[in-house]
Amino acid sequence: MADILVVVEHQDGVFKKNTLSAVSAAKALAGLFGGEVDALVLGDGVAAVADVMAGTGVRKVLLGEGAAFAKYLAATYAGAVAQVVKAKGYGAVFAPASTFGKDFMPRLSGLLDAPLASDIVGLEKDGDALRVKRPMYAGNAIGTVELVGSPLLFTVRQTAFNPAAMGGEKTPVEKATVTAEAGGTAFVSRQETKSERPELTEARVIVSAGRGIKAQENFKLVEELADQLNAAIGASRAAVDAGWAPNDWQVGQTGKIVAPVLYIALGISGAIQHLAGMKDSKVIVAINKDEEAPIFQVADYGLVADLFKAVPEMIAELKKLKSA
Amino acid sequence: MKILVAIKPVPNPDEKVKIKGDGSGIVLDNIKMVVNPFCEIAVEEALRIREKLTGEVVVVTVGPKESEQQVRSALAMGADRAVLVEAGTDLDSLAVAKVLAKVVADEKAELVLMGKQSVDDDNNQVGQILAAVLGWPQASFASKIEFAADNKKANVTREVDGGLETIEVALPAVVTADLRLNEPRYASLPGIMKAKKKEMKVVPVASLGVDTTPRVKVLSLAPPPLRAGGGRVADVAELMSKLKSEAKVL
Ligand SMILES: Cc1cc2nc3c(=O)[nH]c(=O)nc-3n(C[C@H](O)[C@H](O)[C@H](O)COP(=O)(O)OP(=O)(O)OC[C@H]3O[C@@H](n4cnc5c(N)ncnc54)[C@H](O)[C@@H]3O)c2cc1C
Ligand SMILES: Nc1ncnc2c1ncn2[C@@H]1O[C@H](COP(=O)(O)O)[C@@H](O)[C@H]1O
Chain E
499 MADILVVVEH QDGVFKKNTL SAVSAAKALA GLFGGEVDAL VLGDGVAAVA DVMAGTGVRK
559 VLLGEGAAFA KYLAATYAGA VAQVVKAKGY GAVFAPASTF GKDFMPRLSG LLDAPLASDI
619 VGLEKDGDAL RVKRPMYAGN AIGTVELVGS PLLFTVRQTA FNPAAMGGEK TPVEKATVTA
679 EAGGTAFVSR QETKSERPEL TEARVIVSAG RGIKAQENFK LVEELADQLN AAIGASRAAV
739 DAGWAPNDWQ VGQTGKIVAP VLYIALGISG AIQHLAGMKD SKVIVAINKD EEAPIFQVAD
799 YGLVADLFKA VPEMIAELKK LKSA
Chain H
1289 MKILVAIKPV PNPDEKVKIK GDGSGIVLDN IKMVVNPFCE IAVEEALRIR EKLTGEVVVV
1349 TVGPKESEQQ VRSALAMGAD RAVLVEAGTD LDSLAVAKVL AKVVADEKAE LVLMGKQSVD
1409 DDNNQVGQIL AAVLGWPQAS FASKIEFAAD NKKANVTREV DGGLETIEVA LPAVVTADLR
1469 LNEPRYASLP GIMKAKKKEM KVVPVASLGV DTTPRVKVLS LAPPPLRAGG GRVADVAELM
1529 SKLKSEAKVL
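Chains as they are written, first to last, in my numbering: chain E, 499 to 822; chain H, 1289 to 1538.
Simulated from the structure, these hints should not be mistaken for laboratory data. Warning: the hint list may mix true and false statements.
[As the list claims (entries may be wrong)] Where chain H lies over chain E, by a calculated footprint (3+ residues, C-beta under 8 Å):
#1 568-576
#2 594-607
#3 641-649
#4 749-762
#5 777-783
#6 802-811
Bear in mind that the values here come from a model prediction, so they are computed numbers and not experimental data. Just so it is clear, CB atoms sit at the ideal spot from N, CA and C, and this is done for glycine as well.
Okay, chain E solo, but in the shape it has when bound (with noise of 0.2 Å):
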């Protein structure tokens, strides 16, 4: 089939690991059915951008400077990637599923009127035709698309694709020619989450809390057992919405997918919209006084206990076990 698209993201010029996984998906397509996998990085001054992505293995990456670019819109970036589709001819165009390309994707798809698959995590070939794969009702179902037209248009769940690598050798950058139309839209300002941890998708631990918690300075004791494991921290919609943590800690069918090797929840109930968001966990613990919590179906170890005695015992038991 023809070329393959991937669209980098970036935040203000840091690459965004997420777009690994696009990529992975993108090579997915082109080993099934052939093409080549090119990436797109618009921006200002993008230039590192552009030479992370020339050591991922892909074919050549693509360079879209501008003024205009130099803060995320979807107008100017639905344009434009539907600008280089056009011109080289894509058959395919991939973005990661994070709220940037849940943002621009649909709209390119409408632009160019391209069918768009959300989320998916798979992808098979079914004789001559392409199945994709993606999960609906909260991850209860993985249903099995049909993509109708051309260019395909598809989003990646991070969790589901394995990374590409990265620092492999370097494949040309070149410059492509964009125009940006920002169509009555225009950036007025960002409220960026401090955090010294690990990224919520890109953590090896996650300690999660939920309404358990009952106070935000509560969140102190998970911060000190996020600590000792070198985890990133997350929450259940109900800590979110009682303003105890920032909306993008909050993992669930409309937050963060999350799959870390290590997930515990301390007072999260386990409803289907937070477990939709955290069950391919590798290993998942929880800590809840109910024992009849949700939760405890997906644990592989269930604490039935107060969370406010058993996370400092296990605090106090990590901090052993280092200086052990």
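Given the structure of chain E, go ahead and fit chain H with the ligands onto it with the hints provided.
Frame of chain E; chain H with the ligands shown alone:
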């Protein structure tokens, strides 16, 4: 301000879905259909804007006749009237967006509010596609909408990875609601009574001249891989020792 709110009925998200034996869909017998929670948030926001700026709130849905029930729920919350574009349930996001674009043009809406995601298909697409089809600005995943003094522009705060972002959109625009935009009201009893008499225009989809041939087809559904959970530990000491020597994750 004339506000159009697109809503979609979904199976009650708090009930566990069961997949039909042949994988052709989910079992809907005895499952209550409700307004998609994100669409409820969109309706609530529209009502609050109308309370401040006056105007009209029109609810629109694209789907089978039975959607009338959920449309009436939105009317009971306080929307003024409704348009039900009667169509099958097999329309994909592109088709729904194109149909909605016709209704938006017909109604001369100044603002379109929608949910960010329907919690059945989990697509998170229609609002952004609609904005592209109309050539309008979009602001997805909104947690706050503030109008400029002349009501020709709005600052929308969006829930994004890494925090919050504020963008300015010129109106008319499409805004999709995230969870923290507001807390939807419950319909009052008088609201429910009044809703029965509010206007609901039924429009056959064929009359709109939109090609609705699906471009994204769901061929089948299967259950996800089952997780063997349910393991228990007696205390923190056992937990830590198992994490170390059995799971080998410490
Ligand atoms: C459209 C929609 C989208 C949603 N999206 C998401 C999403 O993305 N992510 C998400 O998480 N939720 C989401 N939800 C919300 C979800 O349905 C639940 O309401 C939410 O996950 C509950 O959070 P919780 O478990 O923290 O709170 P609760 O359900 O109230 O559970 C609190 C738990 O803490 C336990 N507890 C209390 N005190 C202690 C203690 N001292 N020690 C130990 N345990 C204690 C209790 O036994 C209880 O099980 C969504 C809902 C809707 C309608
Ligand atoms: N059939 C439909 N009729 C009206 N609005 C819809 C329909 N499908 C989706 N929408 C709107 O688009 C939003 C996002 O849905 P989706 O892209 O399907 O996840 C929903 O919250 C609704 O506001």
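Hints the structure fails to honour: Going through the list in order, the structure violates no hint and respects every one.
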